[in-house]
Structures are given as structure tokens and as C-alpha cells.
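Peer 1: Here the sequence shown stands for residues 1 to 490, numbered as in this note's numbering.
FYI, nobody ran anything at the bench for these hints, they're computed from the structure. Just so it is clear, the structure is predicted and the values come from calculations on it, not from any experiment. Treat the hints loosely; a few may be bogus.
[Unchecked claim] The list that follows gives simulated cross-link-like pairs (lysine to any residue, SDA-like), each with its CA atoms no further than 25 angstroms apart: (1) Lys289 - Arg131; (2) Lys391 - Leu475; (3) Lys188 - Val175.
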Amino acid sequence: MDIEAFRKAGYQAIDRICDYYATMQDRPVVSQVQPGYLLETLPESAPEHGEKFEEIADDFQKLILPGITHWQHPNFYAYFPTANSFEGLLGDLYSSSVANPTFSWLASPACTELEQVVMDWSAKLFGLGDRFLCKSKVGGGVIQTTASEGAVVVCVAARARYMKMNPSAKLEDLVIYTTTQTHSLGTKAGLILGLDVRALEVKAEDEYALRGSTLKEVLEADLARGKRPFVVLATVGTTSSGAIDELEEIGEVLRDHPSIWYHVDSAWAGVAFACPEFRSVGKLDAINKYADSFCTNFHKWGLVNFDASALWVTDRTYLTDALDVTPEFLRTKQHDAGLVVDYRNWHLGLGRRFRSLKVWFVLRSYGVEGFQKHIRKGIEANKHFVALVKKSPEFELVTTPILALTVFRLALPTSAADGGLPAVNDLNRKLYARLMEHSDKLYLTQTMLNDVFCLRFAIGAQRTEVAHIDQAWKLVKANGQAVLQELERN
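Make the full structure from the sequences, and use the hints.
Peer 2: Below is the structure:
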């Protein structure tokens, strides 16, 4: 493909992408294909001779799009939203056009320096303290692929710091602390590093938040039996319920244990800090006061296309001490003189994508005001959904709604109350199974809060309006009533 052929194909691609977004509302939310549909359709080997690009592009429409679950669909309420703004999409395109691995400042100075700029912009947007700024020359931010990778990076740095401060410690005694509601990133970090992970219990009466008293009790017991907890992975906005750990209480406990790293994962909820009125909800003051690191994902609710996970640390030397590998062929005079940041030493890989470009495009195009408007829209829409749940006697809230997430369930009727928790869980499993039969019209996910089965409704797609929520609720309510009628018949 030469330049003119690329120009022609590019025009067609943009047109088709625009058509895709214009018609997305009319597409099924969840892909309706069956397992193996593509494996059985495509040949087992690559073509011997090149094919016409027009045919390849047509096959994207014919074969690939039917197998796509549309996360940007206005009736996608599952998991958490994934951002896909046009600005971010164009940023990805421009980033791909320069196609470099950006492993050092010299490899492409703009890639490194723009990342420092946008990470400081973002820290200020979210109200993070000065110690998290790249400009401080002590802390700073780095864009990771995902919050899961960010957690692994943090655990590597925390382990190195702990062993330096406690040289007599044995690796087999190290423990990562999470909670029973922490994202799987904590468990995965333990698997990757070959370390124990302990999930601390959280209670419904505490809104599934980790309390300082729980941490203190477990920490003292583990230390007494020779274990070495070295990192606490706290959460603002857990996946299941949006729970926010008691960060101030945790910070106070960890004051007496300065070698334990304090990480706050806020992959979904952290971008809400862009709006000052939600900073107290997420306990931003405690993050600024106590945390060693903080992570949030632009690529969830934050308008920047996947992947773009922002990680900030208060002391960058712990990252570079743990991850710096600089063979002779990577050495540069700028790095040796301490004049530049080489981001390869801030994450697991060597090469890295020019992700800061799409963050830059989005923040400049939306501005602080536009970014805040997007967040507030999702939260207001969730308030509308909560009102619908509260007005329906068949349903009940399971937790206090947080930001743009609501956890709810079908209530057990009085006539079947003697069935207890197993009965109400069974009722809601039936409801969820029925809703999945309508996955062409909406998609939401189930979860378990301790032993309680419930449904999650997460709002945040750019194209979701109140009318879509009303339509979705009508379907949820009708199926809920059908499940209750079936119960009564039996």
C-alpha cells in the first residue's frame, strides 16, 4: 500500500467508523455469535499471496463486527464503562503513525516529555498533592497499560523497598494485603510474584469498606507469627459495589509501619476527583496525606481510549531502584547525567506505546469543564436510576449507590420470606438469567457481596441518556415481575 492507497483506505475507514457510531444504538449490545463462529469461518493459514485491501476492509464489516460486544453502546451497563472518544481515537491514530517504542528519552524526546506534562496536568485535575507531580523531581506519574499491571509494578517496588529496609526478611514470608472485595489485580500480583496474598474481611455494615481496626488486628497477628506484610492495596470504588475503604484509618495504622507500602487503586472512580464536590466522597485528603501511590484509569470513565492507566508515586526512586535495567546499548548521556526520565524503568516492559498523545488530545479538546461535565452527567443519570429502583416495591438497593454505580436486587416477597438468603439469591439468579436472554437490548453484570447475589448497574458511556436508562429499567422490571409471578405459581 502506497501513500495514495493509504489515503483512500483511510477516508473509507473514517467513514465506516462514523457509520458504526451513528448506528450503534440499533445494534445488539452483546455479540450474538456462537463460540467458534470465526474459527470455523477463517482459513487455517495466512494467504500465500496478498489480498486486495478492499476485501480485507469489507471482511471487517462482515466477519469482525458481528463478534464485537459494543462497550460504547448506550445500553451497556456491565462491568465499568470503557472510554472511546473521537479525540482519543485520533490520538491513537497519530501515535501509531510515528510508531516508536519510547523506551528512553532519546528514542523520542516528545514521547517522554509529553507524558510528564499530561501526568502533571492530570494530577492537578484530580487534586493530587504536589508530591505526586513529575515536576517535583521526587514523585511523578507514569501511564501503565492497566491498573492490574500498575498493581504488579507497585508490588515489585514495595517488595524492593521492604527488603532494603528489612534485610533479614525472607521472601517466602512476604504478604500482600487486599480485601475480599479488592479487584483481582491483587491476587494476580501475588501469582506473578510468587507471594502470599491475604484478603482481609469486610462487612456489610461498613459498606464493604476495610476498616483500620481490621487491618491493625490482622497485621499484629501476622507479625506475631513471623509473616511480613509489605504492601496494602486499598480501594476507592471496588468492582463489586463501589466500596471505598476507610483510607484515613488505614493510614493511621500504617504510620507505625513505615516499611509497608500504601497503594490506593481507584481504577474506575478516581476520575470523579476531577469534580471537587466528589473528592470528599473518595477520601482524597487521606490519599494525599498517606498514600505512597495512586492509580486511576482514563480508559474506563475518563474519555481516553484503552489502554491508559495512570499511576502516580510519591517517590520515583523506589520504582527505578526495583526496575532499572540499563545495558550498554540503552545507555545515553542524558540519562547518565540525570537530565531526563527514562520511563522504561517505571514499568515492567522495555518498549511502550506513545499513550500520552491521546490523553493530551482529550484533555485539550474537552478541557477541565468538559471533563467534569461528562462525569457529572453519569452521576446524575445514576441518581435517576436509583429513584426508579426505590419507587419499585419489587426491588431493593443492596448498598448505598456510589457515583455512577448502583447495586440492587429483586426483593423476596413476604410470602416466601422463610426461604431466607438462599431463596432471594436463587430469585436473583433467575432474574439475571432472564436478562441475559435480552443481551441484545441491555447488558449488566452480577456480583456476590459476601454471600449476597445481586445485580450491578454501571453508567458511564458517553451516549447513555436518561431515555436509555428508562428503557433498560422497563426491561429489568418486567423480567423481575415475571420471576416473581413464576415464584407465586410454584
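Peer 1: All hints are to be evaluated individually against the structure, with a verdict given for each.
Peer 2: Structure-based check of all given hints:
Note on Lys289 and Arg131: the hinted pairing holds, with a Cα-Cα distance of about 10 angstroms set against a maximum of 25 angstroms. Straight-line distance between C-alpha atoms of Lys391 and Leu475 comes to about 15 angstroms, which keeps the hinted pair within the 25 angstroms bound. The suggested pairing of Lys188 with Val175 holds, with an alpha-carbon distance near 13 angstroms, which does not exceed 25 angstroms.
No hint from the list above goes unmet by this structure.
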